[in-house]
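Okay, here's what each chain looks like letter by letter:
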Amino acid sequence: MNANALPRLAAVLGIAVFAILPTAGVPAFYESFFYIVFFWVSLSTSWALLSGFAGYFSLGHAAFFGVGMYTTATLTTQFQVPFLATVPAAAAIAALLGIGIGAVVFRLKRLRGELFALLTLAVTFVIATIILNTPIDGGAGVFMSAVPMPDIMPTQTGTIYVLGFAMCVLTLAIAWKVAHSRLGMGLYAIHDDEDVAEAKGVPTFRYKMAAFALSAGIAGAVGGIHAMYVGFLTVGGTFELTVPLYVVLMSVLGGSRHWLGPMIGATVITTLLYAFISGGEAMIGRAIVGLILIVAILWLPDGVVPAVQQWLRRRKAAEVEPVAVVVPVVPAAARPVGDRNILEVRSVTKRFGGLQALDGVDLDVREGEILGLVGPNGSGKTTLINVISGHFPLTGGTIAVDGVEIGRLPAHEVAGRGVARTYQIPRPFVNMTVLDNVALAATFGGPTRPAAEIRDEALHWIAFTGLAGKEDSLPAELNLHERKFLELARALAARPKLLLLDEVLSGLNPAEVDNAIRLVRAIRAQGATIVFVEHLMRAVVELSDRIAVLNEGKLFALGAPREVMRDPRVISIYLGKAYAA
Amino acid sequence: MPSATLLGQALISGVLAGGMYGLLALGLSLSWGLLRLVNLSHFALAFLAAYLTYELGTTYHVEPWWSAMLIVPAMFAIGVAQHWLFDKFKVNELASLLITFSFAVVLEVAIQLYWTADYRRFETHYSTLSIKAGPFYIPVLELVLCLVAGVLAWGTWLWLRRTYVGKALRASAEDADIAAAYGIDHKKLAYLLSGIGAGYAGVAGTFIALIATLAPAQIWAWLGVVFAVVIIGRLGNPLGALFAGMLIGASESLAMAVLSPAWAPVVSFSVLIAILLWDPDWL
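Chains W and U, in that order, are what the protein sequence lines are. For the first sequence, our numbering begins at 836 and goes up steadily by one. For the second sequence, our numbering begins at 11 and goes up steadily by one.
Watch out, some of these pointers could steer you wrong.
What the hints assert, rightly or not - What follows is a set of in silico ranges between Cβ atoms, one per label pair, in the way DEER data are often shown:
1. U:W94 with W:R947: 27 to 37 Å
2. W:F1187 with U:E73: 57 to 67 Å
3. U:K197 with W:W1146: 26 to 36 Å
4. U:D97 with W:L1005: 18 to 28 Å
5. U:R180 with W:E1179: 46 to 56 Å
6. U:A190 with W:G1188: 28 to 38 Å
7. W:V1265 with U:L16: 56 to 66 Å
Derived from the structure by calculation, the hints contain no laboratory data. None of the values given here were measured: they were computed from a predicted structure. C-beta atoms are modelled at their ideal positions from N, C-alpha and C, and glycine is treated no differently.
Here chain U stands alone, though its shape is the one from the complex (with noise of 0.2 Å):
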């Protein structure tokens, strides 16, 4: 059995490392519970901001604050784009699942040819900062994610909440056209929380640059603990999504420091598993 600090330190690094699958799940669930559309292209777009960012910052120097300034909206753009294609042809939540994993197979390949298959790391001076409290290391980047993905899923959370449009979008979630017989307007909404998720692409993107070592085929690494994620945090509950996310990084993190790293995926799904099956009321 670790000492009690290691122990402690994985349970801050797990939460820590939990805020970037949140961070991911939340695009994913909201468009997955409100707009029932599966969209696997998320992490390609997430992978497409990374890579960008990582362009700006060492071809132009853009410091990565700047870069996502611009990159947010584009993906936003693309959101929208997509979200067209699948309004234009009714498309169901199988078909929109294959769709996006084909779209993430062109995304892949693209990336590949411009960015080659080699592994990429955007090295900036904050990559290393951390802050020291007691016996215990915290990373100063991953803890500005957390914060980040915490204020979004917060944000996101009270918008669906207490807002007219955010209603208006659980009603249509619930059943489009009772709501659209009430007045409101589906696809305009649908529109904007498309653009929404694949925004948040964007921001999970930022941070991935400056995280994470880049390579084409990680975009289906974290595939499916994200996945098991959005459905345990509940679909089109951002801030289930968030706290999910750190649930699942805590305990695979734990699971790394008791066994040993390579029965870390067994943890994810198995709470996955465990609750699918457990069927709980707030599933």
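Chain W extracted, bound-state conformation (with noise of 0.2 Å):
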């Protein structure tokens, strides 16, 4: 049997059993205990899906739970739809309503951490003032009562149950499919460092509004099925914070970065308060509840299910020898240089304000070639790699890559066009292993491939840059030397056909100088072109065919190397001009 047989076996058994609970005549307190977990378990598994996996913290779950709850209570009440069919356009009509938010809040980078967690919020204001001044309620709430409850157990509350079981299995279902999906993969880096996941290559505009859909459309339909259980609505009762916020809380207990905390968060949580409830200390529990939260919140910042798995980390990390970093030694045969322009910069501009940063930049680049990029602070070299990587827009201009223009398109898209960049300070997504970072980059970077062959390609790069034996490790247990190194991998798992670095060397010492020196040739080897920013002058003659030189946004010379760095005009805006030369 392997390892994974017998989590599967217990999850089988555990359904089936869950599943013909209700025929096998437990009193319907019971039903009607496990109905309300399977409620918060859904509920807060959907919240994490957008909140917990991308980062986007909302407090607005209670719209799109409270649009499903009216939404099967106007469809059955007003124009006598069946209940079961109300259910999934209450998850398509919240879902909608997530997309149009997130048609317009996602195109503002600002409304990250709390100001989205309060737009959601006041959206949740304003959808339930609408609905309580529209015929929808009319302030008066539904009356459910006079639907019918389709017959599929025996007992009304075993209905209820079972829809609502099944709706819990079905959520998580979705979650596992997530989060081992290329959009759980995107989604983890977007809420680490969203712009170097679009550099990445993950195009986090769709993921964000995908992941708002689902979170939305399950919430929609779990409160379809909730306005029968709760048999009469009121906009106060159903738009309440509670909702946001026990769901958050929930999540937040479990592990929301898990796909599986939310459910752990939901059922402790719920379990304590019914177990108060019906002990008749309702008040007391809540307040019991609110402790533990506090003492959870401050001692396992991250959960229950990451405190569990970095434990095991940790004990399984003991076991392993440490591995010695030895960078490889890769035959730098120097492939000629070709004749064929893999990058053509014409006449680029951008203006930050009133900030001319680049002025009518043009260059080209040759396949296989290596440019040295230098100029004195603020000339406008780092602006460069970020309009060419697609971080800014063009002001004015074109950029070309291999013949196809690219100068307007989102950084996604330049990155799956083989453009691929290291960051001068390190960016790596903190909360994933140094192999799910080099990863991820080979997985939106490169050509699709099956997970093992991404795997295999990401292990290779890590071997090539010298990390073996860090595979696991987090970013943060990474020196600066190493982190610029995976930053290096990252780029490499791309496949690039032109590849931007960023002052690579800064702060590394002369020996370790020596090593990047030896892995950029090595990377020239494998067929790469390469644009690099540097300060330091002995890495870029020793390295580059040729250099460009940039001063106040402009192309000031460009040429070999040793004539460039001997140009008077280049040294005087270097140093200055000589004194009475």
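Two chains, two separate frames, one set of hints: put the complex together.
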């Protein structure tokens, strides 16, 4: 029996037992208790799809849940639609609402973090007021008692129970699927650093929309079923603040970045609350849950599941022998520089408000070439990298890679056309292991391949950059030197045609610089074209086929390294003009 | 369309009611903007202060102004204690939101256990006083509230702009590490600011006791509106919080007069959503 068989068997057995429970003559009390557990599990898991995975913390989950409830209520009572048919409708309308909000909000980069949370909260209040003041509710509430319940199970509570359970299983299955898919990988990357995710080829806007639609849609369906359970809807009861807050607390307690986390948090909190309510101590129960949460968040800020995982990882890590870091000696057989231009930059300008960062830059880079990009601070080197990689939109001009215009494309499409970059200050995805960091770049940057191949490719580049043995480390456990090399491994895993290196050598000691230079040569030997920004002249002269000098946003000089660096004009912009020369 | 007098009266009561939003937003805006901590328990502290004012007033016949002398320093102490917890565990923005929510729930339960869930009203002889100005009535208590809120907001603004302590606080909010490198003791200042924020909750509580009807669940009633006010007024800007409060109060009150009272919540949140989407430079 392999390692996966046991949990799988347990899951199947569990599902079977829970599914036939209503036919076993269990008292209605238990059915309704379990229903409430399923309800919170589904709701908090659906919240985690957007807010936990992608880190877009929403306080507006009640809006989607409530819209689902009122969709079912309206369709069943005013249009006599059978109850079961209204549940998909509830999901669809809630998902549409999510897409509508996302289409506006996700275009604004500032609306991350708490502002997104409060915006979603505000949307909830607006929707609640609209429903209250229109015939959907009309302020009187909606009675569902006349709506016929389908006869899935012998009793009414049994039917509700089974629907809640089915929803719960479906939600968990979706969460599992997402967590183990390309979408989930992209969402985790968005959580850690959205700009880098985009630069590595993750279609961030589309992924966020997908996550929002899924999250809202599930909440809507859960609401549709819940409308039947409560039987009487009021705006005050539906859109109350406890829904989003409980959902958040449950997910965070269990661990909102793990697909199983919200389930654990929801089960624990619901059981605790129920235990106190049935004991007649509802108020005290709320207070105790509050206290437990304070303690849990202080000591387990990432939630229960990640804490357990980390503990397991540490135990495993203790058994593994540390492997010494050795940079492999790769033959630096220089390939001939081609005649074809891989990158064509034509009169590119970039303005930030009144600041002209790039002022009509023309630059061609030939296939297989290493081009050193130098210039004094503020001359526009990093800005040029940022516009080529699509991070900043162009103000004017054109950029073509391999003959295809990319100047107006979003960053992830630029990445998809074979442009990879590194960051001057390493920006790894902090919650992903070294292996996952590199695998993400391979997944979204390179061609579509099966997971095993991507893993092999990632391992290859990790070894290539001398990070073997650190695959399961988190970026925080690496030193600066290793993090710079992780940047390189990520860039390489995308199999770029054009590699943009932004000051990979800064902050390294002389021995590490030698390593890095050898590595850059080895990269070129593999067929990539490299543009690198660097201040360290020794490395620039040693590595570059040609050097481009930028000054005040303009191309100042271009040519063979030694000639350019001897040019008195170039020396003067670095050191100033010699006195009485 | 209602008459001009009615609209004028709505505008006056709206601005005055907005003073309460502003006063509640003041403390929240300070801790959020300058300490990067979102304190949901601010409302619970304000209500605790209100209940204490009520208790002292009805049982021991202490004038609210005197009880405030006692309650505000007590709230200051609670604020400092809360910050000790945040500081010790290096709590970030989101965790602060969750922890203070839990703390607010605990306080709500405590209030309900002692004062029950019944509605309580602190009747004083000045609760009905009002000044007649032309065709308009101006309730005295709300006017005093606005004056107090104005003095506090303006004083805090001056303190942050003009004094070294205030400038140090703003510097720390921008970049705590760099500020520390210039010799700013961020931690000590953060305790002070946290205490002041909670103290403002105490001041707000005194007025809540005098103006509003008390019930434990009311703690959550203003949460949405006041957060909208905090954002519209710009985080960490005391005068902005007050003006935004009055703006929202006035627009709510006008919406109630022109449309119907039930539409009031849409106003503040529509203003908030519009401003967030408009994304102006001053936000």
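Status of each hint after checking the structure:
no.: 1; hint: U:W94 with W:R947: 27 to 37 Å; in the structure: 29 Å, holds
no.: 2; hint: W:F1187 with U:E73: 57 to 67 Å; in the structure: 58 Å, holds
no.: 3; hint: U:K197 with W:W1146: 26 to 36 Å; in the structure: 31 Å, holds
no.: 4; hint: U:D97 with W:L1005: 18 to 28 Å; in the structure: 44 Å, violated
no.: 5; hint: U:R180 with W:E1179: 46 to 56 Å; in the structure: 47 Å, holds
no.: 6; hint: U:A190 with W:G1188: 28 to 38 Å; in the structure: 31 Å, holds
no.: 7; hint: W:V1265 with U:L16: 56 to 66 Å; in the structure: 58 Å, holds
Checked against the numbered hints listed earlier, the structure breaks hint 4 alone; every other hint is satisfied.
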